[in-house]
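J.: Taking the hints into account, I'd like the entire structure generated from these sequences.
2 protein chains.
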Amino acid sequence: MERLERFRTLVKELKAYQYVMNVIGWDSETEAPRGAFGPRAEVMGIIGGEIFKRSTSQEYQDVVNGLYRDIASLDADTAKEIRRAKKALDKIVTIPEADFVGYQRLLTLAQPAWEDAKAKNDWAGFKPFLADIIEMNKKFVGYYGLPGEPYDILLDEFEEGMSMKAYDKFFNALKKDLVPFVKKILAVKNDRRDPFAEAKFPIDNQQIFSNYLLTVMKFDRSRGLLKKSVHPFTWNTSPADVRLTTRYSPDALFGSVFSTIHELGHATYEQQIDPIFDATLLSSGTTMGIHESQSRMYENMFGRSRPFWQKHLSELKRLFPTQLKGATVDDVVFAANKVEASYIRTEADELTYPLHIMLRYDIERMLFSGKLTVDELPAKWNELMKSYLGIVPPTDSEGVLQDVHWSSGLIGYFPTYALGTAYAAQIYHAMQKELDIDKLLRAGDMGPINAWLKDKIHRFGGSKSPEQIMLDVTGEPFDPHYYIDYLKKKYTALYLS
Amino acid sequence: MERLERFRTLVKELKAYQYVMNVIGWDSETEAPRGAFGPRAEVMGIIGGEIFKRSTSQEYQDVVNGLYRDIASLDADTAKEIRRAKKALDKIVTIPEADFVGYQRLLTLAQPAWEDAKAKNDWAGFKPFLADIIEMNKKFVGYYGLPGEPYDILLDEFEEGMSMKAYDKFFNALKKDLVPFVKKILAVKNDRRDPFAEAKFPIDNQQIFSNYLLTVMKFDRSRGLLKKSVHPFTWNTSPADVRLTTRYSPDALFGSVFSTIHELGHATYEQQIDPIFDATLLSSGTTMGIHESQSRMYENMFGRSRPFWQKHLSELKRLFPTQLKGATVDDVVFAANKVEASYIRTEADELTYPLHIMLRYDIERMLFSGKLTVDELPAKWNELMKSYLGIVPPTDSEGVLQDVHWSSGLIGYFPTYALGTAYAAQIYHAMQKELDIDKLLRAGDMGPINAWLKDKIHRFGGSKSPEQIMLDVTGEPFDPHYYIDYLKKKYTALYLS
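Read top to bottom, the protein sequences are chains A and B. Residue numbering for the first sequence follows my numbering, beginning at 1 and increasing consecutively. Residue numbering for the second sequence follows my numbering, beginning at 1001 and increasing consecutively.
One or more of the hints may lead you astray.
[To be verified] Only part of the chain B face toward chain A is listed, based on derived beta-carbon distances under 8 Å:
(1) Val-1020
(2) Ile-1024
(3) Glu-1029
(4) Arg-1034
(5) Ala-1036
(6) Gly-1038
(7) Ala-1041
(8) Met-1217
(9) Lys-1218
(10) Arg-1221
(11) Ser-1222
(12) Val-1230
(13) Pro-1232
(14) Phe-1233
Simulated from the structure, these hints should not be mistaken for lab results. All C-beta atoms in this analysis are idealised placements derived from N, C-alpha and C, irrespective of residue type, glycine included.
T.: Right, here's the structure in full:
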C-alpha cells in the first residue's frame, strides 16, 4: 500500500520535529540558563508552527482520511494507529491557525506568571491567565463540534474512554468508603518518632542512593539516565532513550527516594515497550492513567512496602549512619506511610492523596459546567479542603496556586492520577496470583516483576486501550473496589491493629 | 527594503533549525545515553535535510543574489552579512543533494569508527573512512569551481583570507626561530618537584575550583553554565546562552584547571558579543583563529602566569591542603609551564604546541597536493614527530589517530590553533600598552581586561575580518614575531636564567 508508506514517511518527519522539541524541553527543565529562554521561545514558535503546518497539511489529511476509509483492510495495530491519527486530525483541523498559535503564546506567558504568582501568593496575578486558558479550552472544544459535554472531551484526551459519568462512579465509590475511613485514621494519635524527617541528609549521598535504586530496580543505563530538576518527571523519545529526574533537599530524604522510585515506574514502562512501535504513533505508553498505575505501583506498592525495606534499609543506613542510627524496618515503613491531612498534593500520603484529586475534579467539572467562575475558585478550593480533609490552606500558594497543570493547559488531567492508582491496585492483585511479590522484593529481585509487567502491559506501548489492558491483565473490567480494599487493608494494619 | 525583510525571515528560520541541531549536539556530547544515538541519527538526517533544502531553496537564492547585486546600498554590517551568505550559498548550491547527504552519513559513520580505531590502535580500521573524507572534500572543492589550490579553499573556510602562502610565511618564521629554541629548552635538565602531577585530586573539589574560576573570571552564569564532557568545548546559540565544558581526572588537576580557563576564553568572547547581531549571520565570533586567540590568551597568558597564581593559589590549596602542602607560586608557575617533548597535542605545553600544529599542516598540505597518500600517512607522521620533537609515538593511537578533527571532516582547521596563539601574543602586546595586566591579575580584577577585549574584539561578533581586527586592535597587520618573542622571553626566563 503506497498510501501507508507515505503515511509512515509523514509520521517519521512529524516525529522528528516533536523529537527536537522534546530535547529542547529536556534542556529547559534540567539545565538551561535563564538567558536561554528568550531566544528559545522564538525557536519553539518556528518549530511549533512547522509541526502545526505538517499536522494539518492537505497531504497528511488526504493520507489519514484515505487510510481511515479502508481501515478494515489494515492489521489491528495499524488500524488502532490510524484511528488515533484520525481522532487527533479531526480535532486539530478545526482550530484556526491564529487560535492555535495564540494559545501556545498564552501558555508560554502563563507559565512564568503562575511561577511568580505562586512565589508571591498572588492569586490575582495568575487569575486572568487561568481564565483565558479555560476560555480557550472551551473554544477549542466548541470548534471540534463533537457530541457530549465539553469537560468529557477533555477527560477523554488524557484517558481514552473516560467521561464524567465513569469518573463520578469511581469517585462516588471513593467518597462513600474512603472519606469516613480517612477521618478514622486521621483521628488516631500518632507520635511515633520519625528519624527520616528529623535529620539533615547530605545531597551527595542521596544521589548515591537514588542511583542505587536505579541499579536494584534494573533500570538500563545504556538506554537512559537520572538527573535532577525542580519537578521530577520522566522523559522519553524511544525505549532507547528514557530519562528520569528527581529532586534533592537535605531536609527531605524521602522526597528524593520516592520521587526516584515513582519515576522509575514510568521509566521502566517506557524502556520495556516493544521497539516495533518506534516509528508509529503507538510508540509511548497507552494513557496517563495506565502510566500512573505503573509509577504508583512502583512508588507505593513496592517502594513503601516492608519487604522492600527489609532488603534496602541497610544500604540507606550505610549512607547515613549517624542520621539513621538505630532505625528499624518498622520505622521506615511507618514513616513512609504516615497519614496526615496536608495542603500539598505532591507531598500527600497514599491514603489522603485521592481526596486531593477529587477536589480538583470537582472544581474542573464545575468550571466547565458553568457552576463555578474563576473568581470563585479560591473560596471553593478552601471549602472543599475543609470538607475532604478538615483543613484550610493558610495561603493560595498552598491552595489553588500549588499545581503546575492548569498553567500548562492541562485540564482534565488530574483525575488520571487517582484512576491510575486504582488501576495499580487491581493490577497488583492480579500479579499476586502469579508471583510471590513480597518474596521477590525481600530478595531484591525485580527481574520477574519487571518481566511480568512487560509481558502484560509495557510491551504493547500505545496499541491497547486502558479498558483492554485492564481486561487482559486482570480478567475483568476496571473495578475501584480493589483500590479501596487495598487502602483499607494496608492502613488498618498500620494504624488500627 | 522588502527583500531584506524576507532575508531576515529566512535566516531566522534557518537559524531555528541550526539551533535545534545545536541543542541535540550539546545533549549528545554531554549526557545522552548510548541508546539515544540510533534514533537520533534518523532525526538529524531529517532536520539536516531540511537545512540543506532551505539553504539552497530558490527563494533563498533569489533573495541573497538580489541583495548581493545591490550590495552598495547596504550598511556595512549588512553588506558583510550578505557577502558571507553569498559565499556560502555559491558553494553549497554546487553540491548535489546526494553527495551532501552521503557526506553527512559518512561523517556519522566515521566518528565511531575513529573512536574504535583509536581505542584499539587500529589504523587500518579508520583508514578507509579518512580516505573517503579526503576524497569527498576534494570533490566538493572541485564542485565549487573556485580559483586556487584545493587546500587553500579549505583553509579559507576556517580562517577567512588565509592561504598556504600566508601560512607558509607564518610557519617558516616559526621553524626558523622556534625549532632550534625548543631543542635548546628541551636539553635543559629539569628535575624540579611537581606537586601538581604527583598527588590524587578528588574530582568534587576540582569541580569546586572550576566553578571558582568561572566566578573570578566574571563569567555570567545567568547566561551560561559549566558541565563536564570527554572533550572540553564551548557551545553557544546566542550571547544569552553560552556553555562550556571541562574534563576531570583525579590524576590531572591541571587538566581541568586549564581546560576550564581555555574554554572561558571562548565563552567570554561569545557572551560579550553585541546582541544586535543575534538574528544575523554575524552572531558568533569572527573566525576560528580569532576565537582561539581569546581562549589561548585566557589559558596561557592569564592562567599560566605568575600574577594569576599569586591571587588564586590560596584557593587551590584550601581545596587540596594535603596534596599541595608547601606548594609555592613558583612551583605552580613552573609546573604549569613545564616543557616536554610529548606525543599528544592537547596535552602539549605552550612552547612545543605549535610544532604539533606544523606537523598537521605539513601533512594536510601534502595530502591535498598529492605528495602524500593516506597509506603513507602514519610513517610520515612519525617521521615529522622525529624531526620536530625528536620522539616517535609508540602507537598510532598516540600518533596519527589521536585527534578527532579529521573524522569530523575538519580539514584545514588545525593551523588556526597556532595562528590564534600568535594573534593572542600580538593582541596581548597591544593590551599591555593600555592596561597593567599583571597588576589586574594579581588583584583578581578581570573586569577591565574583559571590558578591553569586549570593546576591541568581542562586541563586533562576526562583523569584522581577522585582518581588520588585528589592524584595529594592534595598529598593524598580523606579525608572527610577537609570538616568537613572547615564547622566547617567557621560556628564557623560566629555563635559561
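J.: Take the hints in turn and mark each one as holding or not.
T.: Here is what the structure says about each hint:
1. Val-1020: Given a least distance of 4 Å, the restraint on B:Val-1020 holds.
2. Ile-1024: Cβ of B:Ile-1024 sits 5 Å from chain A, so the hint holds.
3. Glu-1029: Hint on B:Glu-1029: violated, closest Cβ of chain A at ~13 Å, above 8 Å.
4. Arg-1034: 5 Å, holds
5. Ala-1036: Nearest chain A Cβ about 4 Å off; hint holds.
6. Gly-1038: 6 Å, holds
7. Ala-1041: This hint is violated: B:Ala-1041 lies away from chain A, its Cβ roughly 11 Å from the closest one there, beyond 8 Å.
8. Met-1217: 16 Å, violated
9. Lys-1218: 15 Å, violated
10. Arg-1221: Constraint on B:Arg-1221 satisfied, holds at 7 Å.
11. Ser-1222: Holds. Min distance 5 Å.
12. Val-1230: 15 Å, violated
13. Pro-1232: With a minimum Cβ separation of about 17 Å from chain A (threshold 8 Å), the hint on B:Pro-1232 is violated.
14. Phe-1233: Result: violated, 16 Å to nearest chain A Cβ.
Of the numbered hints given earlier, the model fails hints 3, 7, 8, 9, 12, 13, 14; all others are met.
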